[in-house]
Amino acid sequence: MTATTLTPIAEGRLARAVRLSLVHFRFQFIEILRTPIAVIGNLAFPAIALLFFVVPQAAVAQHPVAATSATAQLAAFAIASTCMFTFGLGVSEERSKPFAPYQRTLPVGALPPLAGRVLNGIVWSYIALVPLVVVGWLGTSAELDPARILPALVTVIGIATPFTLLGLAIGYAMSPKAAVAVVQLTLFPLAFAGGMFMPPEIFPGWLDAMSSFTPTRAVREVFVATAAGTPLDAKFVLVLLGWIVLFATLATIAYRRDEGRNYR
Amino acid sequence: MTSTTTAPAHARTEPRAAVVDVRSVTRTFGSVTALDDVTLSVADGELLGLLGPNGAGKTTLLSLVSGLRRPDSGTVRLFGGDPRDPASRIRLGTTPQETGLPEPLRVGEVVDLVARHYPDPMPAGELLERFGLSELVRRQTGSLSGGQKRRLAVALALVGRPRLVLLDEPTTGLDVEARHELWTALRSFHAEGATVVVTSHYLEEIEALAERVVVVGQGRVLADDSLSRVLAAVARRKVLVHLPDDAAVRELARRTGSADPVREGDRLAFLAADSDAFVRELVRSGTEFSGLEVRGASLEEAFITLTKESR
Chain R
90 MTATTLTPIA EGRLARAVRL SLVHFRFQFI EILRTPIAVI GNLAFPAIAL LFFVVPQAAV
150 AQHPVAATSA TAQLAAFAIA STCMFTFGLG VSEERSKPFA PYQRTLPVGA LPPLAGRVLN
210 GIVWSYIALV PLVVVGWLGT SAELDPARIL PALVTVIGIA TPFTLLGLAI GYAMSPKAAV
270 AVVQLTLFPL AFAGGMFMPP EIFPGWLDAM SSFTPTRAVR EVFVATAAGT PLDAKFVLVL
330 LGWIVLFATL ATIAYRRDEG RNYR
Chain V
132 MTSTTTAPAH ARTEPRAAVV DVRSVTRTFG SVTALDDVTL SVADGELLGL LGPNGAGKTT
192 LLSLVSGLRR PDSGTVRLFG GDPRDPASRI RLGTTPQETG LPEPLRVGEV VDLVARHYPD
252 PMPAGELLER FGLSELVRRQ TGSLSGGQKR RLAVALALVG RPRLVLLDEP TTGLDVEARH
312 ELWTALRSFH AEGATVVVTS HYLEEIEALA ERVVVVGQGR VLADDSLSRV LAAVARRKVL
372 VHLPDDAAVR ELARRTGSAD PVREGDRLAF LAADSDAFVR ELVRSGTEFS GLEVRGASLE
432 EAFITLTKES R
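Residue numbers (the working numbering), protein chains in the order written: chain R, 90 to 353; chain V, 132 to 442.
Hints should not be assumed to be uniformly reliable.
Listed below are the simulated EDC-like cross-link pairs for lysine to aspartate or glutamate, each with C-alpha atoms no more than 16 angstroms apart in a straight line [stated by the list, open to error]:
1. R:K324 x R:E348
2. R:K266 x R:E182
3. R:K186 x R:E120
4. R:K186 x V:E419
5. R:K186 x V:E229
6. R:K186 x R:E348
Covered stretches of chain R, going by a simulated chain V footprint (3 or more residues, C-beta under 8 angstroms) [said to hold, decoys possible]:
7. 176-190
8. 195-209
Think of the hints as simulated: they come from the structure by calculation, not from any bench. Beta carbons: idealized from backbone N, C-alpha and C, even for Gly.
Using the sequences provided together with the hints, build the complete structure.
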């Protein structure tokens with residue numbers, strides 16, 4: 090052909106996608122790091138909740154297993170809210186700025202920008218856990234067996250991933266104003282129904298049955314079981330994996346359908 | 132370089148391939164028709180100006196070519212492929228609209244972020260030097276002046292050594308000197324072999340840059356010709372005159388072959404390609420005219436005439 094023929098990309102498709110995912114992760118991370126006000130609220134809220142709702146209740150705070158469960162369920166909520174607010178809302182606002190459509194003209198598909206954000210969700214979740222763990226450790230009898238630290242840290246990936254993807258699906262599909270409302274209307278009822286505020290043991294039967302199918306309940310059960318060493322029903326792992334696949338699909342569709350700011 | 136780089140010599144013997152091929156494309160936004168059955172082809176190495184008033188459809192056209200949007204009907208090809216496919220965009224360079232850059236990132240970081248998407252990017256030092264931004268490499272983009280942001284935005288289009296550069300209103304908000312510097316940079320980039328498509332609603336900018344000009348208005352291609360011919364077509368003089376009655380108006384329009392005049396105050400405004408010939412006809416017709424005035428027509432007025440004539 091002529092001089093306009095494309096030069097083949099020397100690296101493989103997968104290697105390129107992985108490399109670009111890390112590039113997107115790195116620059117998104119720097120951007121968030123330099124505007125810390127955006128994440129401070131999300132970082133502080135769960136620790137404050139633990140301080141006000143759990144620490145004063147001697148029956149829970151001084152019972153090692155109950156205190157560990159309470160800390161773990163708030164930790165799961167901390168991760169879910171950080172991921173949905175920072176990445177869901179963050180994306181819908183970013184999308185309305187002119188750099189977002191520019192980035193979409195670069196030779197890059199949906200995977201690297203989405204994967205970069207999921208990686209950021211995971212990393213910022215670890216950061217969000219620090220104040221919570223400090224309050225739980227100093228203010229309650231919560232105990233984390235050193236042998237369970239690694240499994241608990243791995244589980245964080247399983248919590249951060251679906252909620253970042255859900256936040257991205259909402260953020261790419263809606264305007265910032267609509268996204269705020271939808272994230273709130275999704276996160277808080279889901280968190281309640283999933284037993285992140287009140288333990289599901291006190292739920293009536295019908296609510297418990299419904300709760301079993303929510304992503305929040307699945308996340309809570311997996312995380313509490315890993316952190317407190319209580320037995321885990323395998324169905325929650327399947328429910329969690331199902332939601333991850335669904336949210337990843339929705340986020341990819343929303344990203345591909347997005348055409349930036351439309352005027353009418 | 133190596134013995135396999137025979138592409139330029141080879142290209143000369145064959146007809147120039149279409150870098151961009153837009154066929155019968157229509158795109159609407161709600162009730163607004165941004166593009167109405169547009170067909171346009173850009174060959175390798177061209178320097179094309181897209182001229183038209185705001186809202187004419189220039190930006191929408193570029194957004195289809197760069198894969199940002201899909202047409203409602205018709206086809207868009209970029210280097211022979213679908214512009215929605217990332218691989219088709221590996222030889223494309225575009226620029227952020229307005230001065231939208233990620234404010235917390237430093238100049239060097241933004242260049243790095245973009246460069247990592249391309250197989251053979253221009254070294255950041257060389258690029259920033261070319262656009263006079265070397266001193267600002269450590270500055271966060273949020274702290275740059277409007278002109279500096281604009282220059283960085285255009286520089287980003289060239290990071291990946293593209294074969295095709297799409298520039299949407301590249302010099303909006305720049306002072307005269309900065310505008311001329313940017314034009315020089317773009318001309319030298321084109322001289323190195325790249326295809327350049329630039330949109331503007333300034334005739335001056337198109338005159339300075341383009342070899343071929345496409346005039347777009349109300350979502351349609353009104354003219355597509357060499358710079359000199361388009362200049363002649365849009366360079367109109369406005370003749371203001373008071374005429375006694377409608378019959379005189381019709382007679383004058385017939386004799387001069389001009390489009391229907393527009394009422395301006397108590398006078399009529401004719402847009403004439405040749406105002407001298409127009410005035411000679413006016414005098415020869417013997418009409419009792421008064422208040423004659425001849426002045427240059429604005430580009431907007433010329434667009435309106437082109438739109439009317441193309442119907």
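Does the alpha-carbon distance linking R:K186 and V:E419 stay inside the 16 angstroms limit?
59 angstroms, violated
For the pair supplied as a hint, R:K186 and V:E229, confirm whether the alpha-carbon distance does not exceed 16 angstroms.
10 angstroms, holds
Checking C-beta pairs, does the stretch 195-209 of chain R have three or more residues closer than 8 angstroms to chain V?
holds (count 4)
Would you check the hint for R:K324 and R:E348, treating anything up to 16 angstroms between C-alpha atoms as holding?
38 angstroms, violated
Keeping to a limit of 16 angstroms between CA atoms, is the pair of R:K266 and R:E182 held or broken?
9 angstroms, holds
Proximity test - 8 angstroms, beta-carbon atoms, the stretch 176-190 of chain R to chain V, at least three hits:
holds (count 4)
Would the pair R:K186 and R:E120 pass a check requiring their Cα atoms to be no farther apart than 16 angstroms?
It holds: about 14 angstroms lies between the C-alpha atoms, which stays within 16 angstroms.
R:K186 and R:E348 were given as a pair; does the straight-line alpha-carbon distance stay at or below 16 angstroms?
12 angstroms, holds
In this structure, the earlier hints numbered 1, 4 are contradicted, and the remaining ones agree with it.
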